[in-house]
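Novice: Each chain, written out:
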Amino acid sequence: MDNFVLDNIALFILIQLVSLLYIVTTFLYGAHFFRESKLAQQYKQPALALTVLAHVVYLGLLTSLEGYKLSYSTFNLMSMVALTLAITYIFIEFTTKSDKTGFFVLSFSAGAQIISSIFTAQSSGAGPAFSGLGIGVHLIAAIFGFSAIAIAGLYSFLYLLLFRQIQKNRFELLFQRLPNLEVLERLTMHAVAFGFIFLSLTLFAGIIEQKASSEEINLLEPRLISLIFIWIIYGASIFIRPITGWDLKHMAYLFIALFVFITALILLMTLFSPSFHGLAILNDPLYFDNRSI
Amino acid sequence: MNIISVGVNHKTAPIEIRERIALSEVQNKEFITDLISSGLAHEAMVLSTCNRTELYVVPAISEVTGEYLKEYLISFKDARKDVRPEHFFNRFYCGTARHLFEVSSAIDSLILGEGQILGQVKEAYRIAAEVQAAGILITRLCHTAFSVAKKVKTKTKIMEGAVSVSYAAVELAQKIFSNLSMKKILLIGAGETGELAAKHMCQKNARNIVITNRTLSKAETLAEELGTGKVLPFEGYKEHLHEFDIIITAVSTKEYVLNEMEMHHSMQKRRLKPVIILDLGLPRNVDPDIAKLQNMFLKDIDALKHIIDKNLERRRSELPKVHAIIEEELISFGQWINTLKVRPTIVDLQSKFIEIKEKELERYRYKVSEEELRRMEHLTDRILKKILHHPIKMLKAPIDTSDTIPSRVNLVRNIFDLEEPNQ
Chain R
133 MDNFVLDNIA LFILIQLVSL LYIVTTFLYG AHFFRESKLA QQYKQPALAL
183 TVLAHVVYLG LLTSLEGYKL SYSTFNLMSM VALTLAITYI FIEFTTKSDK
233 TGFFVLSFSA GAQIISSIFT AQSSGAGPAF SGLGIGVHLI AAIFGFSAIA
283 IAGLYSFLYL LLFRQIQKNR FELLFQRLPN LEVLERLTMH AVAFGFIFLS
333 LTLFAGIIEQ KASSEEINLL EPRLISLIFI WIIYGASIFI RPITGWDLKH
383 MAYLFIALFV FITALILLMT LFSPSFHGLA ILNDPLYFDN RSI
Chain H
6 MNIISVGVNH KTAPIEIRER IALSEVQNKE FITDLISSGL AHEAMVLSTC
56 NRTELYVVPA ISEVTGEYLK EYLISFKDAR KDVRPEHFFN RFYCGTARHL
106 FEVSSAIDSL ILGEGQILGQ VKEAYRIAAE VQAAGILITR LCHTAFSVAK
156 KVKTKTKIME GAVSVSYAAV ELAQKIFSNL SMKKILLIGA GETGELAAKH
206 MCQKNARNIV ITNRTLSKAE TLAEELGTGK VLPFEGYKEH LHEFDIIITA
256 VSTKEYVLNE MEMHHSMQKR RLKPVIILDL GLPRNVDPDI AKLQNMFLKD
306 IDALKHIIDK NLERRRSELP KVHAIIEEEL ISFGQWINTL KVRPTIVDLQ
356 SKFIEIKEKE LERYRYKVSE EELRRMEHLT DRILKKILHH PIKMLKAPID
406 TSDTIPSRVN LVRNIFDLEE PNQ
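Just so you know, the sequences run in chain order R and H. Using this note's numbering, read the first sequence as starting at 133 and increasing by one per residue. Using this note's numbering, read the second sequence as starting at 6 and increasing by one per residue.
Source of the hints: derived by calculation from the structure; they are not laboratory data. Source: prediction; values computed, not measured. In this text, a Cβ means the ideal position worked out from N, Cα and C, and glycines have one as well. Treat the hints with care, since some could be wrong.
What the hints assert, rightly or not - Simulated coverage check for chain R against chain H, where a stretch passes if three residues somewhere in it have a Cβ under 8 angstroms from a Cβ of chain H:
hint, region
1, 293 to 299
2, 311 to 318
3, 377 to 389
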């Protein structure tokens with residue numbers, strides 16, 4: 133067999149298990165949110181903890197194939213995004229004591245992990261593995277940055293949903309179960325703040341790394357332009373909003389649009405231009421060890 | 006031993022009849038004392054609230070029936086002209102228990118799941134106990150009812166969600182703002198509705214409530230009562246509108262107290278930070294066009310009634326769970342009632358064996374030492390206890406129908422040759 137996942141039985145089982153756990157956890161959060169199932173309420177948090185644990189083990193095993201180095205394959209990165217979203221959600225649930233938004237965040241996590249599992253199982257290698265502190269920071273900060281963008285988008289969506297429910301006097305399920313508008317606004321703005329910090333770190337690490345290397349990156353690469361664009365908007369949201377008093381209702385549309393745009397862009401770029409910012413890195417031993425399993 | 010309940014409530018009689026038959030605390034005590042002292046009842050309790058007046062009676066003689074009690078209450082209240090027996094409901098035995106359980110758990114209330122009724126049942130029991138009209142049966146019935154109500158409250162959502170306009174207003178405000186203690190609230194109108202809404206806000210930790218009213222002294226009195234002490238003159242409150250996150254209006258006026266232009270300026274001043282206006286007035290106090298402003302939530306009574314309807318719908322969906330709890334407790338209560346029927350036989354059985362033991366020991370009293378006699382007594386007690394264990398257990402065992410009780414009792418009485426019990 134020339135498929136690295138099928139060749140490694142432990143990895144094969146774990147990849148299926150992690151996806152299954154995400155589905156089960158999302159289902160439990162959904163059952164509690166929509167049906168108020170006592171059983172789901174009882175088991176959803178242990179299920180989430182187990183999912184995150186299994187995911188960490190899975191990523192550990194996957195990176196162990198490359199000497200515990202991060203590998204640049206979008207599907208692996210999607211898996212990382214799923215994990216960071218789940219971890220961020222645990223943090224949100226722990227700090228806000230509100231477990232009512234888990235279904236929405238974890239649905240996205242589950243989707244990302246399932247797509248990642250399917251494509252990872254079909255790929256021939258784990259992808260090029262990175263070495264070096266700068267590129268590692270750049271990549272990890274980018275993953276956390278994308279997770280923050282996703283969470284800002286998801287909470288903005290919930291904010292608008294609840295806003296409309298209240299305005300239209302639809303005091304139904306979402307009105308009863310979602311946290312109040314102020315909490316959703318706070319969560320969105322926290323996600324934006326974290327997003328801005330991680331995107332700043334991504335850019336900073338990228339610039340340092342680019343200067344240290346001899347390679348020229350393509351400054352017109354869409355992901356790079358999008359990253360800078362989102363970074364500017366997020367920065368403006370944090371620093372200019374308190375002065376101008378922009379309201380979250382309109383900003384929410386922007387955060388959702390940015391989330392949808394960046395997700396679509398990453399997926400499209402992965403399918404049609406699977407390079408790293410246009411670099412010829414596949415042959416560069418400085419960046420990764422291109423070992424196929 | 007039977008237990009009868011008769012009474013009028015919101016399901017059986019209109020308000021004028023309920024008012025006519027209601028008993029004050031003094032009348033309540035007098036009524037149940039009469040019933041007991043005249044030898045008509047062993048036990049009695051009266052639950053009298055604005056929505057119901059119900060008697061719970063353990064009759065002492067067979068003549069005391071539901072019909073008899075209805076007439077007795079009508080006569081006591083001298084209400085023969087207005088109140089007829091058809092206005093009453095009538096229940097017996099387990100039906101009575103079920104009814105009191107349903108009343109205590111607030112599923113028989115006018116507003117499903119309202120929280121006051123349990124306190125009123127407890128008060129009725131306190132009065133009955135005070136005049137020594139609550140015996141073993143009513144005490145057990147009431148305590149089981151309290152336990153049912155507690156279970157219903159903790160295990161179901163029958164009491165969740167606002168079901169009054171003022172509470173719905175608070176619930177809505179909490180869906181927009183997370184911490185009411187941090188929000189500035191303006192109450193326009195210090196009447197009954199406004200006062201109720203302000204009190205509900207205070208219960209949810211709202212502390213910064215400013216009151217304005219045409220009669221300033223009324224606003225000051227309410228502000229003092231709420232402990233905020235903040236009032237604004239009615240002529241000048243519009244200059245401060247931008248400072249408030251929540252505005253509650255409850256005044257009697259044909260003209261709008263807030264119009265679109267004023268609120269537009271206010272929103273500009275507060276940089277479009279969200280505002281909720283709760284218009285509790287009838288006719289409406291606030292220009293409906295204000296709802297079109299950005300980040301403005303304007304809710305009138307009709308909108309708040311939507312919340313109430315949804316909450317009542319949710320409460321109704323909890324009814325099967327409540328009925329299941331009641332059913333479970335009803336079975337236990339029925340089984341306990343059945344044990345009352347076998348109690349005389351158990352007492353007779355124990356007495357008979359003790360009598361035999363004492364007679365036999367008496368024969369040896371002067372033939373053995375005191376120490377030996379004490380040992381023999383101890384031994385026979387242990388033997389009796391073991392012999393009687395099974396028959397008593399069999400008598401007390403749960404049964405499906407009360408028909409089984411006489412056959413069990415007869416069996417034990419025949420085997421041990423017990424005399425027929427006196428009724």
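Novice: Tell me the hint numbers this structure goes against, listed in increasing order.
Specialist: The structure conflicts with no hint, since it agrees with every one listed earlier.
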